[in-house]
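J.: Line by line, the protein sequences are chains H, R and P.
Each residue of the first sequence is one higher than the last, beginning at 1254 in the working numbering.
Each residue of the second sequence is one higher than the last, beginning at 172 in the working numbering.
Each residue of the third sequence is one higher than the last, beginning at 61 in the working numbering.
Keep in mind that the hints are not guaranteed to be accurate.
If the Cβ cut is set under 7 angstroms, some of the chain R residues that face chain P in the computed set are [stated by the list, open to error]: (1) E360; (2) A366; (3) I367; (4) E368; (5) A370; (6) L373; (7) I381; (8) P382; (9) P386.
Read the hints as simulated data drawn from the structure, not as lab findings.
Bear in mind that the values here come from a model prediction, so they are computed numbers and not experimental data.
C-beta: ideal position from N, C-alpha, C; glycine also.
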Amino acid sequence: MTTLREAPPEELEEIPEDRDDRELVKASTFLWLSPAGILVMALFVLPTLYALYIGFTDMQLLGPHAQHFSFTGLANIKQLIHDPVFWSSVKLTLIFVIGSGIIAQTVLGFALALLGQRAHFSLRASVGSIVILAWVLPEIAVAFIWYSFGQAGGTLSQLIGHPGDDLLSTVPLLIVCVANAWRGTAFSMLILSAGLRNVPQEVDEAAQLEGASYWTRLFRVTIPIMRPTIMTNMLLITIGTISDFTLIYAMTQGGPGNETAILPVYMYIQAFQFNDLGYGTAIALALIVIGALLSIVYVRQLRPELRRVR
Amino acid sequence: MTSEQEQLEDLLVVTDSHGSDGEPRARRIRPGVLPGISVNFLLLVLGAAFLLPLIWLVDASLNPHASAALSGPAWSITNYRAALAAGAGGAIKNSLYLAVVSTIVATAVSTLAAFALSRRRVPFKASLLLVILFLTGLPVTLLLIPIFEIFVHLGWVDSPFYTSLVLAATSVPFAIWLLKNFIDQVPRELEEAAAIEGASELRILWRIVIPLAMPGILVASILTFINSWGAFLIPLVLDANPNDQPGALGIYQFMSANGAVHFGPLAAYAILFSAPVVVLYLICSRWLNGGFAFAGGVKG
Amino acid sequence: MANIVLDGVSKFFKGEKAAVYDLDLEVEDGEFVVVVGPSGCGKTTTLRMLAGFETPTKGTIRIGGKVMNQVQPKDRDLAMVFQNYALFPHMTIEKNLSFGMKIRRSPKNSIKKEVEEIAGMLGISPLLGRKPGELSGGERQRVALGRALLRRPQVFLLDEPLSNLDAALRAQMRVELKRIHAQYPVTTIYVTHDQVEAMTMADRVALMQGGRLQQIAKPETLYEQPTNIFAASFVGTPKINFFPGTLRRGDSGVELDFLSCTQHLNGALGAKLSQLPINDVTVGFRPEDIRLAPRDVAGLAVVSATVELVEPLGSETNVVARVLDQVITCKFPARTGLSSGDVIQLEFDVLQMKLFDKESTNHLN
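Chain H with its partners taken away, still in its complex shape:
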């Protein structure tokens, strides 16, 4: 039996319908999401909103304003602006993040990745393991090790020939930066070696044929190709380092004086030692702002690549 079909109508009705039925909305969807949702709501969203409030109050840990605190408007902000320790803290934070994080870890990590690429296999594996071990150690252990190293009579002072020097008093920022670099390099090493592996060999070989030297190839070919990876790595390092508390607090408590008081440490000191929760929160908010600004810089750099991925 044959059937004759009529010519199709030109205009087809457009019924708004979701692209993919397979992703059905069911009641169960919300069931799956709810535990995570509740946790995130309660422990992220709510506190963030609350923090936005506390930062503008005179709330205290103990004392008259612990229970009865009031909104003080921009008082905390004004205090921040006029607080030399705050600004020094900002500077220290930037030095810490950029110096020991972005520069040191990236350079060391990249060097290790590059060397590892061409080294003897077992050497690469063992050095890699050592570097990663430094990373896996709990932060307090790292703090203790470098605290001891930087002491008067510690290994570092011995190595530089001044065994009596308490490096933690003389160059505390440097020591904590070194400690942080030692600890964090593994992360960059892993990410950058993965990135290196993704650089197509043919491109490097083509450059070789053109007569490019190793350095030229590295800076003109390899690194540009790896740009997204490098940028992402820096972004992640920044995010991780900027709120780092344990390492510095355990090593120096922000001292001597305030010489190593990066923002998270300063926040803690103000909130829990100087009793000023409101001001401490304001400092934390400042920290977020700085972190966000830095992130925006990276995301801007990454945007062309991100668009392609999406």
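Since the structure of chain H is provided, determine the placement of chains R and P on it from the hints.
T.: Chains R and P in isolation, oriented as in the chain H frame:
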């Protein structure tokens, strides 16, 4: 020498083993000055530099007269006994509690959420995913004071359980993101086939999706565990009870107590505290063939 | 009764043309229907709607008389063989096969017995302890089939199950599938893009294009009486030949001009065509309906052609010849003794001629 290594001589990076700060640094030198430096040598030197602090730690833990300086090992376990006497055992137990509870909660919660985000239609999914990604970078420093206040009101301070919930929460965004990517890779057809066979959603999740996403689940759990194990600031603020102190706080107490620093016992304490995590990493890396292929995790 | 009725079923995706438009299809209980068509014709979407993975935007789907639009796949009592088999990679073959029965809580012994029985029937018994990753494509396909059979469903759905197999295996599986269907005559919907599978396996063929059902008919009927040009060219290898033609109506009736012939159209066809206001037609002849004519025979539909290409296939020979500006493919019996450049006489079997309205492409006779 291979041609690659010959090319590498153009590199001529030489490690200056004692820079002004005692930390080995790589510096460039004009080509032709120092031939014969091979990649292996450089790597060895860097490796040795990284190894030094670790060697000191082990050495100090075994030397009853340990000081801040490196000295020969003396092979004694006195320090370990002292560490245990100082409360290492209890502190490590506390860390275990915090880590285990937070890992279980975080993994369970994240797996469910990742499943829903990967497979089901969720309103505003794209924005939600972006928010989650953003949350992975949110410093805990901002949340700590408000959470502290809220917990005080609720009477939830000084409780290991609620502290571990906070620890779980800090790992959840990253875990969701990681797990969603893993679950995305499980072919949808398998779920459809199971559905045709009459399987309910729960059964599909339990018997099909979770077993196939297991590598991701394990990675997420291990990362959460490691993160929570070394927790310092969060327990410091939320739990003032000295009996609840996890290892990180215990070590810190020990460091800052009683005037002189007891390097030997502290080193032993640090090693005892680090050992589980290191072992976990070794098991995991053997299982994943040579280290975390994808490294991540929020520090601090 | 597991018959299937699709009534006015349409499926729209946001912002795109309809994937399936106004589909009316009835499948009898136990019938083997092959839904065939080129990529994107809507056949897979139709299958997925039957399975329950997509919901029809309009229309109703009834299985066994019950409306199924809102029913979950797991409750539809169907079995499906996926194109990529969809075997659970982390389970053994045995667990894969018994998965559904465990859900239905069949007793352990009967599970074991049935699994062994089906495995024996499909020749996969030695594979029961292995995992899908260790099996070849053909073996996996049979496991997928086994899993579907074990469900004892009211409807079988198959989504291009043979497309990942090599030609020899495909031919073998075609026979096996038909044999299995003879043994378990379950209503079957089989989706493919391969017209050979459609023609050899189907009780009826449903041809789709652009989301619409073009024709549903027995294979022979589809072949001999295609509803339109698309249907005519979809089945048959080599493809049907088309040339333009003109109809002239005169006192003696309707005459058709094509190539250099004129054919007088008699009887019912002529009567019908004299009523229709159509002048331009497309004339279709299948390659096997064109013969080598003996020389100098007049009065029949005969044209002179020049041979361009001779393709000996062993059992028959395809000859591509040129008439004026038209290229014609003919199918001749094995040895022809022809070579490129020869001039031959081609005779068209007018009884097998297919006429199509040039505009609407519909079949006229």
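J.: Take the hints in turn and mark each one as holding or not.
T.: Outcome of the hint check:
1. E360: holds (4 angstroms)
2. A366: Cβ of R:A366 sits 4 angstroms from chain P, so the hint holds.
3. I367: Since the shortest Cβ distance to chain P is 5 angstroms, the answer is holds.
4. E368: With Cβ-Cβ at 4 angstroms, under 7 angstroms, it holds.
5. A370: holds (6 angstroms)
6. L373: Hint violated; R:L373 Cβ to chain P Cβ min 12 angstroms, cut 7 angstroms.
7. I381: Where the cut-off is 7 angstroms and the nearest Cβ of chain P is about 10 angstroms from R:I381, the hint is violated.
8. P382: Holds: closest Cβ of chain P sits about 5 angstroms from R:P382, inside 7 angstroms.
9. P386: violated (11 angstroms)
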